[in-house]
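Chemist: Using the hints provided, position chain B relative to the given structure of chain A.
Number of protein chains: 2
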Amino acid sequence: MTTAILYPGKDGAGVIRRTVLPGGLRVVTETMPTVRSVAVGMWVGIGSRDEAPEHMGATHFLEHLLFKGTSTRDAMEISASIEGIGGEINAFTAKEYTCYYARVLDEDLPLAIDVLADVVTSSLITPEDVESERGVILEEIAMHDDDPSDVVHEQFSAELYGDTPIGRPILGNDESINALTRDRIHEYYQRYYLPPLTVVSVAGNVDHERVVELVATAYERAGALATAASPAAPRLDGPGVERRSGVRVVDRPTEQANLVLGTTGVSRRDDRRFALGMLNAALGGGMSSRLFQEIREKRGLAYSAYSYTSQYADTGQFGIYVGCLPSKIDDVLKICRDELARVVAHGITPEEITRGKGQMRGGLVLGLEDTGSRMSRIGKSELVYERLMPVDEVLARIEAVTPDDIAEVAQDILNRPLTLAVIGPYADKDFSGAIA
Amino acid sequence: MTTAILYPGKDGAGVIRRTVLPGGLRVVTETMPTVRSVAVGMWVGIGSRDEAPEHMGATHFLEHLLFKGTSTRDAMEISASIEGIGGEINAFTAKEYTCYYARVLDEDLPLAIDVLADVVTSSLITPEDVESERGVILEEIAMHDDDPSDVVHEQFSAELYGDTPIGRPILGNDESINALTRDRIHEYYQRYYLPPLTVVSVAGNVDHERVVELVATAYERAGALATAASPAAPRLDGPGVERRSGVRVVDRPTEQANLVLGTTGVSRRDDRRFALGMLNAALGGGMSSRLFQEIREKRGLAYSAYSYTSQYADTGQFGIYVGCLPSKIDDVLKICRDELARVVAHGITPEEITRGKGQMRGGLVLGLEDTGSRMSRIGKSELVYERLMPVDEVLARIEAVTPDDIAEVAQDILNRPLTLAVIGPYADKDFSGAIA
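Those sequence lines, one after another, are chains A and B.
Position in the first sequence counted from 1, then plus 1, gives you the working numbering.
Position in the second sequence counted from 1, then plus 1, gives you the working numbering.
Isolated chain A, as found in the complex (with noise of 0.2 angstroms):
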């Protein structure tokens, strides 16, 4: 059992610690003594690009069914023992990783490990509760149907990367979730719940010393420490994936138009993400930003017009969002892609990356100030990363960018062929020439 100081800390508090348990699990934990809450993440590192196409939805079944029951807990017990001590306990299933966090008062960090430890370890899923809970994610489905937001976001992953297992939904559809099976969706839980696989992440006024041991203890009564093993590697790479240019429309009696247009952006460990993030918040992350004051404030053409990037292992996205009425869309694509062929042409302006830096450095401290945020980026930084970048570094990082690096990424991202989705009351061939 090792444990490293991953940083320092200043004044006492910040301080990062990483232990490594016999059989390979992780504990990293981060001092906010300042704090009453505690913030509790275990991460495992599948997600639903893990799965075969034919079992679709598995790894967001498999979370789902966690909280069902255990061999000492049933659901009832499980939701109760936080929610009686005004905690939340919760979950959610990614792309490349499956998260299952709580956040308590300190005085009960003993209670939200043993529960969060339970559930991630020893769970029945039992046949009639996957029966019951199939039900369940049925009616997740219809409610993500029913928002065209949702919808519009996962078509233009599909029509990106097509049918492979990042460009499919995290939810499955009707058809995959009907037909898997409890043995199936058990397998992915004895195949990727393992302790090499595994991280937990805790963030607020603690000890790590003390969080090690109450996790070791829950662990070890599971059994889940007995064979020795390494921590896994952190998922560095991936198969890549096709980028694909097209247009996909989904013909729907909305009241607003919803469009995502894009293409993939850069990669999680790709050093152009910091000059990209800087590039997205002049484009559109925010009021200030081009797209928000061309579409609404000057033209009064929508209520909601962002940009977004995300990043995965070995691909990425940048997408544009806009919803708008029907009649508007073709002069809220026309700004859209004016938008982008003047960044491309022009970079931005020393006033944008000025406020570009401001804006990325103190979103950052701001956004760091609660112990959930601070559980979720070493934990997942734990996980798919092989190193913790410690705050100061990333502040340097945006700090460093340059005129030049902005313009390099837009040249090489936004000249790229173009994907876009729409969800509206529209046949296919009104975008036919719409990203020509």
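Because the hints were derived from the structure by calculation, they are not lab data.
You may find that some hints are simply not true.
[To be verified] Simulated restraints on C-beta separations:
| no. | chain 1 | residue 1 | chain 2 | residue 2 | range |
| --- | --- | --- | --- | --- | --- |
| 1 | B | Asp252 | A | Arg222 | 53 to 59 angstroms |
| 2 | A | Tyr309 | B | Ser328 | 33 to 39 angstroms |
| 3 | B | Thr3 | A | Asp107 | 34 to 40 angstroms |
| 4 | A | Asp175 | B | Leu396 | 43 to 49 angstroms |
| 5 | A | Ala223 | B | Ser246 | 48 to 54 angstroms |
| 6 | A | Asp175 | B | Ser72 | 56 to 62 angstroms |
| 7 | B | Ala397 | A | Gln191 | 48 to 54 angstroms |
| 8 | B | Gln191 | A | Thr403 | 45 to 51 angstroms |
| 9 | B | Ser246 | A | Asp252 | 37 to 43 angstroms |
[As the list claims (entries may be wrong)] Computed, partial: chain B to chain A, Cβ under 7 angstroms:
| no. | residue |
| --- | --- |
| 10 | Gly287 |
| 11 | Glu298 |
| 12 | Gly324 |
All C-beta atoms in this analysis are idealised placements derived from N, C-alpha and C, irrespective of residue type, glycine included.
Modeler: Just chain B now, with coordinates in the frame of chain A:
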């Protein structure tokens, strides 16, 4: 100018102070010495229920227009000033008040106060901006119309309160927004955006005297404190509302049916609000609640199922929301009605009372860890209550709730005639006997 200590705090933290400036402007602050962020809110005592029927949506329209430009800043300068330092600035309109707020690093407090005060006191509201923003509001209405879970809540309020100020939508509708003139909106601005109706609340690592000085300087520069006045009394009551019972069905080809079933609850100052809060926690306040357990955990009939309460000056709501496949709505409605009847007949269990108290206690403490929620608590409290209730007292009130209190409030509130709103692929007659 008088300053009072509303709460002495503990160990130098959590001190709450209040100063009344000439002109009747109130400034309340809460010290949180260990945080880096500061949250600033400017609360104005006007909401959608103050609108004449033909001006429906004027308060929210006005809120939008305040970000369009002042005598010294245009829309871009307003947003860029705060975003360029990584902060956020935004606003929301409720039925009884409007709030403009920002969250920034503590060193940027002077800028945040200056920008917010500028927006609140010195907006130009030009005819051109009114026309451009009219389009944005129509887009926002269309966006909400596309979200069935938004629509069902609005339809429930409309059915419960009828065509009264509190039953009408905050956004207005296409017709009312198209009919609003610049002069009409400007009149609301001049009539309501006055120092006696305004509260400035600040939470973070701040010095009260310094905050008062910054606020006074900003308001004085706008000439806004020249007329001597005292703060307006809080909105302690209203015209009273006529409670209605009925069924409203919106026929839409959605994947899920969305329903809200409920009735009027208690008003903001009603002492029974603590007992009703605990009843709500047991019925539908979390994953361990009766409705979640029956509808989702045991039967797999829904993804989202919860109950809620809301309070206004002279009324309140208690409601249950469920989203489920249309084929399951009869089962869901039966469970809702059975569970309501069960708590009316038998109250809730001692375990549920213990859990409810823990849930409200822990939730309150965890919920006040960030500057934004503390700023909201003291600002809203100053505007709508006669006095600020310290957190200790809230905790004591929660602790003091008895089983009899809960049984009594259940027998009053949950025995009232019910109102039902449903959106989904239905005809009116499908629910003709649903709430009989």
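Chemist: Now look at each hint and say whether the structure bears it out.
Modeler: Evaluation of the provided hints:
no., hint, result
1, Asp252(B) x Arg222(A): 53 to 59 angstroms, "holds, 54 angstroms"
2, Tyr309(A) x Ser328(B): 33 to 39 angstroms, "holds, 36 angstroms"
3, Thr3(B) x Asp107(A): 34 to 40 angstroms, "holds, 39 angstroms"
4, Asp175(A) x Leu396(B): 43 to 49 angstroms, "holds, 47 angstroms"
5, Ala223(A) x Ser246(B): 48 to 54 angstroms, "holds, 52 angstroms"
6, Asp175(A) x Ser72(B): 56 to 62 angstroms, "holds, 57 angstroms"
7, Ala397(B) x Gln191(A): 48 to 54 angstroms, "holds, 50 angstroms"
8, Gln191(B) x Thr403(A): 45 to 51 angstroms, "holds, 49 angstroms"
9, Ser246(B) x Asp252(A): 37 to 43 angstroms, "holds, 39 angstroms"
10, Gly287, "holds, 5 angstroms"
11, Glu298, "holds, 5 angstroms"
12, Gly324, "holds, 6 angstroms"
The structure is consistent with each of the numbered hints, conforming to all of them.
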